[in-house]
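*Asks:* Sequence:
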Amino acid sequence: IEGAPGIDPDIVFDDGKVWYVGTHVPKDSNFNGEGEIWLQELDLNNWSLIGERYYLWRGALYYGTWAEGPHIYKRNEFYYLLIAEGGTGLDHAVMVAVSNDIRGPYVPNARNPILTSRHLSNDHWVNSVGHADFIELANEKWFMVSLGIRSEIDTYSNMGRETHLIPVVWEKEPYEWKYDKIEKEWNSLKDRERFEKLRRVNYEWPVCSPSTGRVERSFSLPFPNSPQHSKQAFRDDFDSETLNLEWNFRRVPQKGTYTINDNDGYLRLFSSKNV
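When the letters of the sequence shown are read in order and numbered with the numbering used here, they come out as residues 9 to 283.
Incorrect hints may have been included.
To be verified - Result set (DSS-like, lysine-lysine): computed pairs, CA atoms no more than 25 Å apart in a straight line:
no., residue 1, residue 2
1, Lys25, Lys82
2, Lys180, Lys82
3, Lys263, Lys281
4, Lys82, Lys149
5, Lys35, Lys82
Said to hold, decoys possible - Here are the in silico distance ranges between beta carbons for each label pair:
no., residue 1, residue 2, range
6, Asp18, Leu69, 15 to 23 Å
7, Gln240, Asn269, 25 to 33 Å
8, Leu229, Glu60, 39 to 47 Å
9, Arg61, Asp245, 53 to 61 Å
If you are wondering where the hints come from, they were derived from the structure by calculation, not from laboratory data. Note that the structure is a prediction, hence the values are computed from the model and not measured. Glycine residues also receive a C-beta, built at the ideal position from the N, C-alpha and C atoms.
Make the full structure from the sequences, and use the hints.
*Replies:* Printed below as a string of structure tokens:
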């Protein structure tokens, strides 16, 4: 799309409008690696950006680096902006902010990051957790999908980034006395005044993996009444034209790395020069 800088765009459908939310490096960066989330209306008929561009957030932490991967969700009357921060390495994390207007201003969750592995040992079984997305099921239960890297053998990973599922609940700060009563007439206020009033609202916030606060090896199935079976072992006689779906590769397998047609019933692997 012309005039859409940066990476990790998403599209938001809200109240008859379509919004394009993206990431870019601001011209007035305060430090190397600073990212900024921006929003602009999208004309689907002409596939072009229209109207004013709104700059939403530069992340939860100063020097947090690489605010990116934005998603916006409307829950009840509020908009939640979910982003990745810290880069896709060991400092990766999930941050969230909220507003009563899709155009902002957005108020960060004081408990950010809401999901990360940056505080755990480099030897922890999964690291680099971030770049998340929310899912609401028909039964109104919420989950999050996030990337993470398993590194259980000498901190190395065979599969690289994989998708992990995390249960989510929504909670309010239990100490109501900390918050002032607030009018609902936001539009008559200037941005700074709106932000200060928004900051005092007792929002519901997403709590990831409520029992432990981190990605776990397994969680209870979200569909308890639907039989689900997982077989860890399988047999392959290599008698088909292509590999069966049980075989997984890190990204797309390069051509010339294997054959199953040279000899019936055999898989032949070709290693790289580095093996």
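*Asks:* Kindly indicate which numbered hints from before are broken by the structure, ordering the numbers from low to high.
*Replies:* 5
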